[in-house]
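A.B. asks: Construct the complete structure from the given sequences, taking the supplied hints into account.
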Amino acid sequence: MSSATLLEPTHTQTAPTAPLISVEDLRVEFSTGRGVVKAVDGVNWSVQPGETMALVGESGCGKSVSALAVMRLLAKPAGRVAGGRIMFEGRDLLTLPESEMRELRGRDISMIFQEPMTSLNPTLTIGLQIMEPLKIHLGMSDEQATARAIELLGLVGIPDAERRLGQYPHQFSGGMRQRVMIAIGLACNPKLIIADEPTTALDVTIQAQILELMKDLSRRLGITLVIITHNLGIVARYADRVAVMYAGRVVEEGPADQVFGAPRHPYTIGLMRSVPRLDRPREYKLATIEGLPPNLLAPPSGCRFAARCPFRIEKCAIDPPYHYAGDGQRSACHRAEELAQGLAEQTAAVVAGTVGQATTEPLLVVRGLTKHFEVRGRGLMGTKGTVRAVENVSFSIEKGRTLGLVGESGCGKTTIGRTILRLEEATGGEVRFEGEDLVTASRARMKALRTKIQVIFQDPYSSLNPRMLVGDIIAEPLIFRRGIKKREARERVAELLVQSGLYADMADRYPHQLSGGQRQRVGIARALAMEPSFIVCDEPVSALDVSIQGQIINLLDELQERLGLTYLFIAHDLAVVRHISHRIVVMYLGRVMEMADRDELYAAPLHPYTQALLDAAPVPDPAMERARQPRALTGELPSPLAPPSGCVFHTRCPMASAECRQTVPEVREIRPGHFAACIKI
Amino acid sequence: MLRYLTKRILLMIPTLLGVAVLTFFMLRVVPGDIVELKLRGDGGTVTQEVIDRERTRLGLDKPLVIQFADWMKGLATFDFGTSMWTGRPVAEEISIRIGLTLQVAVMAAIISVLIALPLGTISALFRDTWIDYVVRVVTIAGLAVPSFWLGMLMIMGLLTYFHWSPPVTYTPFLTDPLANMSQLIWPALAVGYRYSAVVARMVRSSIIEVMKEDYIRTARAKGVFERLVVGRHAMRNALLPAITVVGLEFAFLIGGLVVTEQVFNLNGIGRLFVEAVSRNDFIIVQTLVLLIAVMFTVVNLLVDLLYGVLDPRIRFA
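Top to bottom, those sequences are chains U and F.
Here the numbering used here is used: position 490 in the first sequence is 490, and no number is missing along the way.
Here the numbering used here is used: position 289 in the second sequence is 289, and no number is missing along the way.
Source of the hints: derived by calculation from the structure; they are not laboratory data.
Certain hints may be false.
So, partial list: chain U residues that the calculated Cβ filter (under 7 Å) puts toward chain F [claimed, not checked]:
1) Leu73
2) Asn121
3) His170
4) Ser173
5) Val667
Computed cross-link-like contacts, DSS-like style, restricted to lysine-lysine with a CA-CA straight-line distance of at most 30 Å [claimed, not checked]:
6) F:Lys212 - U:Lys191
7) F:Lys212 - U:Lys76
8) F:Lys212 - U:Lys38
9) U:Lys135 - F:Lys212
10) U:Lys215 - U:Lys135
This one's a predicted model, so the numbers in the text were calculated from it and none came from an experiment.
Built from N, CA and C at the ideal position, the CB exists for glycine as well.
C.D. replies: Here's what the structure looks like:
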């Protein structure tokens with residue numbers, strides 16, 4: 001394997017058959033107000049028939065754009081193919097007349113998109129949308145198309161297919177809509193399916209269901225699959241081959257085992273290190289890739305990763321050619337050989353610092369917290385319904401520690417955060433902060449307390465006022481709440497920016513001039529401006545790219561260490577929560593399922609829901625993924641408007657019995673400090 | 001569905017009551033008095049006694065609140081009172097004219113939607129080409145040109161170039177459709193132009209918006225013909241904001257008709273309106289305002305129902 005041959009094309013060595021599709025030297029440009037962006041700049045990848053190939057990379061690396069170019073669906077008139085070939089069954093797709101290309105779409109090549117919520121037409125029935133390609137491409141009659149549509153819905157696991165054909169997209173959940181998209185994709189038995197982030201918008205347990213379904217169907221029907229994703233765990237579990245993209249180019253490609261086992265490009269190495277992992281002991285600091293991807297309006301000459309690369313040498317100013325290794329692995333790095341032979345060890349990440357010494361004194365105690373929302377139904381007076389968003393939740397957070405709150409959408413985790421901040425009024429229970437009950441605190445008192453309790457929001461794009469300068473956003477609470485004079489505030493803003501890993505002169509920029517990660521740092525600086533002792537972090541990294549996510553997590557860790565902050569960390573990503581939290585609460589449909597210290601919870605989860613969550617999350621290691629048999633939870637998340645009786649989890653629980661349907665399980669201490677709400681334990 | 005309809009119709013009552021209160025009192029705040037205008041209008045001298053007697057006869061001497069109560073009582077029994085000027089029942093004055101006005105209004109609405117839909121769609125699909133620019137100039141002009149002036153241009157144009165002017169006397173549609181249409185098509189076009197311009201602009205911008213949606217990309221990825229992508233996938237969604245404008249602009253249409261009827265010498269509601277206002281004929285004015293308010297709310301109710309037809313999310317909500 002180490003006998004690498006330089007600059008020799010792969011297929012002479014390893015490809016036994018002709019590829020189904022090969023993208024050759026593809027170049028795609030977008031004209032924008034500020035110039036031409038070379039979104040895809042000389043990309044090559046190919047897929048053998050029956051193979052599953054993954055295109056991996058962070059946002060803006062060109063992975064989706066190259067897929068859209070295959071379908072010839074680039075947004076017009078801004079985007080255009082500037083060069084290259086896309087060979088599919090001996091024809092160059094880029095030179096086909098539009099009418100032939102249209103015939104190909106949906107018949108030979110299907111595409112599944114990221115957002116199941118917006119990818120189906122809301123005003124047309126599901127049946128019509130599935131039958132459309134059948135009628136257009138295969139000339140089926142209404143009866144034939146209906147029969148095939150029912151068959152397809154059965155295939156993708158939608159029960160009661162006949163009735164559901166007449167329904168509209170809004171009557172389906174996100175996971176079900178993605179199943180419908182898959183059914184549409186499969187309709188005409190295509191040779192190739194391109195799935196663009198097919199599960200990014202879905203909950204972990206639903207994600208596992210959808211991916212298992214796609215894998216199973218593609219194997220059974222012999223369909224070639226191209227999955228575009230940023231999730232390395234998904235790649236490890238499902239892909240045969242991987243192409244890693246960075247700044248419009250493929251930096252490394254090869255069989256999944258090889259790329260994961262012996263990565264030959266520093267970007268691949270960095271990407272794998274910066275993901276918090278469920279299968280490894282928690283290290284004190286995540287290794288990160290410092291800096292930001294280059295601006296593709298004016299890409300740097302030479303290796304595009306050089307500016308962020310820890311293995312940078314002088315030669316990197318020259319564009320690196322591909323270095324080929326056995327098994328068709330190739331890497332665009334001058335030092336590919338050295339990397340493969342273990343030079344990587346020398347600059348390994350800072351490992352195992354000391355976790356901050358925490359006291360046992362609780363800062364925040366939540367007891368029996370309940371929040372119900374009244375929703376108006378239909379009709380003249382509107383029959384009322386109650387959403388039990390949070391039901392009798394208790395936990396406490398010790399000073400200087402982080403409590404992780406995990407669960408899927410609708411589990412009430414965000415509502416808890418908002419109730420603690422008094423952005424929502426609690427229906428019942430108490431929230432004691434330094435011994436004082438926030439639920440009953442007067443407005444004036446609350447105003448004073450708010451300086452000690454701050455929040456960092458999920459979406460760094462919409463939570464900062466686009467018309468305000470960064471400096472003013474941070475200075476606002478200083479001037480209006482703490483009465484600091486403008487000039488002093490400016491100095492303090494500069495300090496806060498530096499503390500949050502930004503530059504002091506960024507105070508004079510507008511939010512849109514910053515990247516996502518930088519904006520999230522501004523959000524952190526704004527929260528720190530009040531010198532709080534407690535911060536509610538509501539999904540602070542879920543909108544960010546992997547490498548940026550690591551930087552923000554490290555920053556939060558560092559600030560906790562330095563300023564003795566206490567965090568309530570709300571997230572859906574189990575690995576991220578594990579990395580940052582000391583203690584973890586797992587929620588489902590408004591109730592606490594399990595609560596334990598981090599290591600205990602991940603090492604020995606007790607509740608079947610926690611076990612299922614951990615099972616559903618793929619780990620970025622192909623060998624490990626093959627070894628374990630993923631048990632995807634069946635069924636959908638029930639509606640919080642009509643939660644199941646007894647244990648709310650019983651509808652999806654593999655251990656459920658008649659008793660579970662009747663009794664609401666109490667949260668019991670099963671091992672010291674380890675609580676779970678299940679009667680079967 | 002039935003419950004929704006009942007609810008909406010019941011909700012119209014407070015709206016209309018508000019309109020009634022506002023118009024009733026606003027009319028009476030305006031200085032001037034129909035009795036003086038009627039009796040002294042020709043410059044003759046009339047004794048105060050005569051004027052007072054006429055006031056009493058018309059019920060103008062009663063306190064305002066009582067007058068209002070009387071009006072409301074009348075409305076509840078479909079007795080709209082009599083014109084203070086002609087002495088004829090209001091219901092009669094309106095009923096002989098409303099057919100004409102409604103016909104022009106409906107024709108204008110149909111013409112403009114028929115023009116606006118293809119125009120707006122083409123403009124959107126050929127965005128930023130010369131086709132789009134032409135459509136945009138035409139629609140901007142539609143917003144800028146007042147309908148009465150356009151009406152005068154039409155009459156002059158017809159006279160100068162075709163030596164023909166539309167008939168002056170009104171023929172009901174059922175008696176002679178051709179004569180009826182040749183008279184009413186012109187005012188309908190004159191007021192419909194603005195209407196179609198507003199709707200076309202809305203259609204254009206909502207088609208542009210919808211064509212960027214993910215489901216349009218999905219439709220294309222399925223290999224759907226481009227004309228089906230537009231006609232089936234985009235149109236239905238784009239119509240939603242467009243029909244809202246159709247409903248709201250209906251008020252402007254009626255407003256435009258008030259003046260345009262003068263230009264085309266049509267004896268319709270608009271004409272009656274103008275005359276009643278200039279004569280301070282409160283009874284007629286307030287009833288007409290209320291009538292137009294009823295038409296407006298009904299049209300918007302229809303629009304909302306149409307919403308439900310087009311968008312299943314609303315239908316099932």
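A.B. asks: When the hints from earlier in the document are held up against this structure, which numbers fail?
C.D. replies: 4, 5
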